[in-house]
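Add chain B to chain A, keeping to what the hints say.
The chain contents come next:
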Amino acid sequence: MGQIYPMRRSVLVLLTFVLLAAPSLAALASGGKQVRYVGIHPIPRSEGGGICYIEGPHVHLFDADKVQYRDHHGASYFVGDPVAYGYDGKRYAYKGHHPIHVDVVVGDGDPDEEYCYLSGPHYHSFAPPEGPEFTLAGDAYFYVGEPPHAYVEARPAMMKIDAVYQPLSYERPVVEVSAPVGWIGARAEFVAPSAAVVVEAPRERVMVAPPRVGVTVQGFIPAPPSIHIGVGIGVGAGVIVHERPVIIEERVRIKHDHGRHRGHR
Amino acid sequence: MRAIVFVVMALAACSKAGEPDKAKATPRDAVVAAWTADKLVPSKLAAAPVAFAKDCQSGTVEGLDVLVCSFATPADAKAAEVPGLAWIGPATGASQAHGAALIVLADRKKADPNGRTINRLMKLAPK
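Going down the list, the protein sequences come from chains A and B.
Everything in the first sequence is counted per the working numbering, starting at 1 for the first residue and increasing by one.
Everything in the second sequence is counted per the working numbering, starting at 1001 for the first residue and increasing by one.
In short, the hints are calculated from the structure, not lab data.
Beta carbons: idealized from backbone N, C-alpha and C, even for Gly.
Zero decoy hints are in this set.
Here are the computed lysine to any residue pairs in the SDA-like style, where the Cα-Cα straight-line distance is at most 25 Å:
no.: 1; chain 1: B; residue 1: Lys1127; chain 2: A; residue 2: Phe126
no.: 2; chain 1: B; residue 1: Lys1110; chain 2: A; residue 2: Arg36
no.: 3; chain 1: B; residue 1: Lys1039; chain 2: A; residue 2: Asp88
no.: 4; chain 1: B; residue 1: Lys1123; chain 2: A; residue 2: Gln34
no.: 5; chain 1: B; residue 1: Lys1078; chain 2: A; residue 2: Gly74
Non-contacting residues of chain A with respect to chain B, defined by C-beta distances greater than 12 Å in every case (computed):
no.: 6; residue: Tyr69
no.: 7; residue: Pro99
no.: 8; residue: Met159
Looking at chain A on its own, in the form it has when it is part of the complex (with noise of 0.2 Å):
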């Protein structure tokens, strides 16, 4: 019994040693591997929380999410708010999504664009480059430029941020101005599903006659344009009427013989 008490202690030392020299949970995720930064970012809150301030390449041992960043040559750069984190630096006001010039905001000259996805208003750490893509309105950015292929089909994938960032509460910006003509939160094709007020018109089925073949066609119309009233102040960006698609059914009927078939002539 005597010798279990010590043998005990010495569990409960080297225990207590490891738990004390063990990563943390956000630097086990990354597998205590360095991970590459670039330019400002959000410190995991199990690391400490706030901003972490180093403008060039950078490592840590935690790893970056997928929607709050992007990949710069190998790099993780994130486009999300930085202010919601408690960055005190200083900021610039952009409303809806918009292109950012990642080479241009770290300085390294390797070419890359990307885009941020945040609806509503929000802030970044950098102005955009001075051209015809962004018009300033109100102390806020708003990108008006054509955006590339790219940029709509991540869209879907990367709208997600606004659910990352609807309940963090910090101080946004208030943007009060009517958005610019060509913005892209006020062009029908851009406007975010879940950010307009949907109107559902009557479904509309058409019945088409007797058919010869055993198949069901739908005929898809497409939807007409999106009636977009005003820009509101927020993620709202307007009414938008869908129309169900006319759905075109062709029936089969089977004809019985009784038995008197003779199979096909």
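Just chain B now, with coordinates in the frame of chain A:
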């Protein structure tokens, strides 16, 4: 009189000895001078053998471990940025080329939780 001559000769010798040092100023010297000018004085740097460079010295500054290497060209320093990450080990840090110098900073003691000091040191270093 002899004393005066001796002093003059000693001063001349000092200045002659100083001139070659100026000529030999390394990229590392420029980095340390920039930090010191902004009151970020590193500890005495000591020769540090590393696999990716021949002329490196390490020490500490503001609680951070620092390694500064001099290279013949900026391209050589740039090529050593990624190998320099190995020196950081399991910690927050940065490895950046500034001209022909490579600066590697490691926050092994968590002295710089928001990276402001690392950012400041890197921004002060001459390009």
